[in-house]
Structure formats: C-alpha cells, structure tokens
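A.B. asks: Can you make the complete structure from the sequences, with help from the hints?
Heads up: the sequence lines are chains A and B, in that order. Under my numbering, the first sequence is numbered contiguously, ending at residue 328. Under my numbering, the second sequence is numbered contiguously, ending at residue 320.
If you are wondering where the hints come from, they were derived from the structure by calculation, not from laboratory data. Some hints could be false.
[Stated by the list, open to error] Using 25 Å as the maximum straight-line C-alpha spacing, the simulated BS3-like pairs for lysine-lysine come out as follows:
1) A/K81 <-> A/K328
2) B/K23 <-> B/K3
3) A/K145 <-> B/K269
4) A/K62 <-> B/K176
5) A/K16 <-> A/K78
6) B/K176 <-> B/K245
[To be verified] Derived list of chain B stretches under chain A, where covered just means 3 residues or more per stretch with a C-beta under 8 Å from a C-beta of chain A:
7) 109 to 116
8) 135 to 147
9) 150 to 158
10) 178 to 190
11) 206 to 214
[Said to hold, decoys possible] Example chain B residues on the side facing chain A (calculated, C-beta under 10 Å, incomplete):
12) G83
13) G84
14) P119
15) F120
16) T121
17) S123
18) G125
19) V126
20) G174
21) L199
Quick reminder that beta carbons are idealized off the backbone N, C-alpha and C, glycines included.
What follows is the residue order along each chain.
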Amino acid sequence: MWNFDFYKTNNMKWIKLGQIFDPTEHTLPNGCFGFAQSPQTLVFDDFVRVYFSTRARDDNGKYLSHVAFVDFDKKFQKIIKISDKVVIPLGDLGCFDEHGIFPFNVVRSERRILAYTTGWNRRASVSTDASIGLAISDDNGLTFKKVGAGPVLSASLHEPFLVGDAFVRIFGDTYHMWYIHGTRWVTHTVGEPPDRIYKIAHATSADGISWQKEGRQIIGDRLNDEECQALPTVIQIANRYHMFFCYRQSSDFRKNRSRSYRIGYAFSDDLVNWTRDDANVGIDVSEEGWDSDMQCYPHAFEMDGEIYLMYNGNEFGRFGFGLAKLEK
Amino acid sequence: MFKWEKLGRIFIPQDVPDREWLKEFAQAPATLVFDDFVRVYFSCRPSPDENGQYVSYSSYVDFDRHDLTKTVNIAHAPILELGGVGTFDEFGTYPVSVIRRGADVMAYYGGWTRCESIPFTVSIGVAVSHDDGATFTKLGDGPLLTCDINDPFVLSGPKVRIFGGKWYLWYVAGTKWQRYEGRSEAVYKIRMATSNDGLNWVRSGENIIEDKLEIDECQASPDVFFYENRYHMFFCYKHSLNFRKNDRGYRIGYAVSDDLENWVRDDSKVGIDISDQGWDGQSIAYPHVFEVDGQTYMLYLGNEVGRYGFGLARLESYTN
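C.D. replies: Below, the structure is given as structure tokens:
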C-alpha cells in the first residue's frame, strides 16, 4: 500500500493532463466508429489497460455499445495496443445485455479479473432498461466470460428499473458495489420521449456474485430532486474514502452547457455515511476544448504512487477521454 | 390415477356487460374460499388498441359456494392498476396467485412490459389486500422477482402455497427466445423457490419437471395441492413453435412428489383431456385445483388459452 499522507484531501486539486484518447483517430473492433465512454483502468507491471465502451450501429441504424480497451505506457505517452478482438460479446436475443454493455468495471480478485457490466436492452414505452452482469477473465483481461446469461443485480421492489453503473471494490473481506438505479421516468415535454431520473446506491457481497442492496440513496441531491447521479467511483486515500460521480439536470442536458454533466464529490470515513462536498471536487469544465461543455463518467485510480482521474468530456465521450492527476 | 368429470364452462368474458377492461379472455383462474362463495381471480383484457396490442388486467368473479356454476358477483374494477411508464407491469398484470397471510391476502402476479427485439418480458410482482381480496396495493413500483443469473428471461406464472409453515413458489422461467416466421417465441420451464416470509425468496434455478414433447417444450401453470398424503402438480405444456389455434397448443400434464423437491411426471394419470368439440375441443390450459366442502375441483381454460373463458371439473375418483 502506498503512503498517501502527503495528499491534502480536504482541498483537492486535479492537474489536467488533457485528452489522451480520441476514438475517431483509431480503428476499433466490432465495426465501432466513435465514442470511448466510461474509461476504467486495470494496472499491470509495465502498462495500464483502459477499458471503455464504444459504439457501432445495427441494421436499423440504432446504437450498440461494445467494450474495447487501449493499453498505454505508464506515463500515458504512448499507445501500446488497442483491442482487436471481442472483449465480451453482447447477449443473445432477449438477454439483458442484448443491445450494449456500458460501462464495464474491472476489479482483481485473487488471480482472476472480474468485470461488472451494465447491460442494456431496448424497451417499447421507454428507450431502454439496464441490469448489472458479471463476467470473469482468466487471460489477464483480454477476454471475459459471463457467469450466466442473466444479471447479478437487477430491479427490485423499490429500485424499479435502470440498475447500472456498477463500481466494485473489495475492502477487508467485503465486496462493495456502488451503482445507480432509476426512480422515475418523467415526461417534461409533451410529445418528447420521457426522461429518466437515477440515483446512487450501495450493495455489499461476500462473494461478488450474491449481493445485498442497502436500499437507500446514499448521496444527497444538490440541484433538485430530479437530479440525475451517475457513475460513482470510490478510492481510498489515507484513511478516508472518496467518491467521484457525475450529475446533471434531468432534462435539456445534452446541448445545454449549464444543465449538462459535471463531476461531483463526496467523502466517507466508514463506507456508510457520505458527505457531499462538490466545492472540493477540484476539477471543472474547461473554458474551451474537448471538455468545455460537460465532464462525466469519472474513474479514480492509483498507479505507482500517483492518483489519477480519467473522465469523458463533451457529448458524453463521443470524442474520447482525458486524464488528470491529483496535486500533492 | 385421477378421473375428472367436466361440469362445463362456468365463465364467459364475452357475456359480461359494462366493463371496458373485461372484453376478452378469462385466464389463469385462482381461488379464495369464503363462507358463502368461492372467489375466482382471473386475468382479462379490454379490446386491443389500434395496433392490435393488448394489455391485461386481473380481477375476480364470485360463485355460490354450494353451486359453483352459479355466478353471484363480478368485480366492478381490476384488483390492480397497471404500472407507471417504464415499470415492469406497465402493460399487464397476468396471471395472479392469491394466498391468505393472517388477516391480509397476498397477490403474486406476472407484470408485463414491452420490448423491442422480443415482444415482451415478465417479472413477478407482489401486492397486499386489507379488505379480503377486493382491492390490492402493490408493495413497490418494482418487481419482487426478476431475471437473475440462472433465470435470464421471462419470470412469470407465480403460484404460491404454504406447506408446513414454509412458503413455496412455483413459477415459469424463460430459458431462451427463438426467432420463427418473423416472431420471437419464448421457451419456458417450471421452477421453484422457497421462503420463510413470502417476501424473501431463494430460487433453485433448475427445471423441476422433465420434458415430454420436445427439448423446447413450454411448461406453465404449476399448480400444487396436497391430497391423500402426496403432493400433486397439475400444469400445462405445449410445443414451442407453431402452437396457435391447432393441436400443438396446451394440454394439462401431471407430476407427483412426496417431498416437494423431487417430482415424477406421469401425464397418463392426469385424467382430463380436450373434448371432441366445443369451447375446450382444441386445447386445455392453466389448471387450478382446489378443495371446498370435501370435494376437489379443477378450474381450467379452453381454446386459445382462455379467450372464451374457463370451465370447471369435479374429481370423480383417485387411485394411488
């Protein structure tokens, strides 16, 4: 374990290192042509692998999200490899992950690598639903095999739909999952499709397969009760747990810079009680450039004594992701 | 060996006036016995929408306890509202299984929503009644049971029973979807879960009734009752493809168990089949067996899975 005492976590500041991957400049597997969403890392001895979700179009012109990865040297100066094979296949007809896997969260567990997937399937009255699946890699993360055709975490009595964005870490003997679930579909403009509202929640497990939901919203709303909260990522620095996530207004959030995703922050000393403290997030949209309209899908990780934040910029990551480093 | 005497069709949805939500179908009958009447819950449909699509509701009809062919009351509203936009039961509540729990009545039901690549999916919801089963309140906007690792698809057809203080749920689990003549058709099998409280369930995730017709045989309506010291299951089964309006549709099957875990299928003992002609001359489905005043009865659906209502049969004889 690294000694992180020199981080002043009550006043974080991230140094932006810029956009490090633009999917439109590379050939991607599965016929994917753009988007590199929700970057999530797996650190090896001499390189770092970044999984992301990219997109193809099906026969009807609708999007399918596929998982791919890019390997960087540990200074992020050079791309070593981009996945050229199927990392994980989409589900068969009628499966929860038939139309996409996004995001894709990896965690080491003994000699294996676990991946918690968010699987998407299209619906009739609303655009989509989602559940969380589990897949395992025995080849150092090149390919993943699903533990079953169905999900490990899905809707329940009080979390009625859109269960996704799993982020799993093992602290002590317990697997912790932070995830989101939908609470309502709301029609803001008559004639337009309904908008979804979702919040961050928490579940625990002894084996990573069978999960117990805590059953409450763990991060308070800042904007209003229709605030959408997504993609929690948790990192332990010294004796404190830090959560980054993104949040936005529930409507008019795609093009309107003032209502789009920003990165939020909360901290906890016991993994139970979280204090939201966006004033100390230490990062915001740029004046101009690739992350000037929005910032979303953060991923915090440590590597060789440094703490990094990866995230997407404008248009939900259509043009890739960037990197920031925590100032000491 | 069972032998059932058919008493004829006792409920015809097309004959019921003044209920827009009850125009066709009376599916999946399930009983609750009262002092003077037997309440039969069933699922029904209004006329289809402009695209030919149906929603389904559940409600009830009361029959005279001393003459089960005589209707004494028909509910004036469905027992459950359809779910809000995006919820698992937005387009249907079918079928429903009721059971008393203290002074309350619990209802477990299949909630239907519509999908893009497949026509629908189903999860199991739960609701409670504090007025003897006249109206029910859902315990949540979401499902009680939905797909998991071992049950990846449709989860439907709940039938809840209590034996020896333990709760049992027999349900229908989709095992795959297949494309056939431009449609997506589901394959589904009978499975079981257990619970101590009716709310927290442990599923085995395994098929419990062996196939007879084909590996893709579809099985539904697993209705279990205890009689003459054994557990008896009546259910229905059909071919997975090309089963509409022909002789590949539902028949009633039978299995027996001494421990509620291991079931031996033996359709030769079922003692009921389609009629030569008439409302149940093509298929019979969704059996429900119940006992009242020392007599055992079976409610079941006829042609087109209950489009034209359900009928009653009386147990004439049983030999082990």
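A.B. asks: Each hint should be assessed against the structure and marked as holding or not.
C.D. replies: We went through each hint and held it up to the structure:
With a C-alpha separation of about 31 Å, the suggested pair A/K81 and A/K328 falls outside the 25 Å cut-off, and the hint is violated. Restraint check for B/K23 and B/K3: not satisfied, since their Cα atoms lie roughly 33 Å apart, outside the 25 Å limit. This hinted pair does not check out: A/K145 and B/K269 have alpha carbons roughly 44 Å apart, beyond 25 Å. Among the hinted pairs, A/K62 with B/K176 is consistent with the structure: their alpha-carbon atoms are about 24 Å apart, no more than 25 Å.
Restraint check: the Cα-Cα separation between A/K16 and A/K78 comes to about 18 Å, which is no more than 25 Å; the hinted pair holds. For the given pair, B/K176 sits about 23 Å from B/K245 by alpha-carbon distance, which is consistent with the 25 Å threshold. Coverage of the stretch 109 to 116 of chain B by chain A holds. Counting CB-CB distances below 8 Å, 4 residues qualify, and the rule asks for three or more. Given as covered by chain A, the stretch 135 to 147 of chain B passes the check, having 8 residues with a CB less than 8 Å from a CB of that chain where 3 are the minimum.
Evaluation of the coverage hint for the stretch 150 to 158 of chain B: fulfilled, as 4 residues show C-beta separations to chain A shorter than 8 Å, against a requirement of three. Only residues whose C-beta sits within less than 8 Å of a C-beta in chain A count toward coverage, and the stretch 178 to 190 of chain B has 4 of them, enough to reach three; the restraint holds. Against chain A, the stretch 206 to 214 of chain B contributes 0 residues with a C-beta closer than 8 Å to a partner C-beta. That does not satisfy the three-residue criterion, and the hint is violated. Annotation: B/G83 was flagged as interfacial toward chain A, and the flag holds, the nearest CB pair being 8 Å apart, inside 10 Å.
Annotation: interface hint on B/G84 holds; nearest CB of chain A at approximately 7 Å, less than 10 Å. About 9 Å separates the beta-carbon of B/P119 from the nearest beta-carbon of chain A, less than 10 Å, and the hint is met. Hint on B/F120 holds. Least Cβ distance to chain A is approximately 9 Å, under the 10 Å limit. The restraint placing B/T121 at the interface with chain A holds, with a minimum CB-CB distance near 7 Å, inside the 10 Å limit.
Nearest Cβ of chain A to the Cβ of B/S123: about 7 Å, under the 10 Å cut. The hint holds. The interface hint given for B/G125 holds, since its Cβ lies 8 Å from the closest Cβ of chain A, which is under the 10 Å cut-off. At about 8 Å, the closest approach between the beta carbon of B/V126 and any beta carbon in chain A falls short of 10 Å, and the interface hint on this residue holds. Checking B/G174 against chain A: minimum C-beta separation of about 7 Å stays under 10 Å; hint holds.
Taking 10 Å as the C-beta contact cut-off toward chain A, the hint placing B/L199 at the interface holds, the least distance being around 9 Å.
Consistency with the previously given hints fails for numbers 1, 2, 3 and 11, ordered from lowest to highest.
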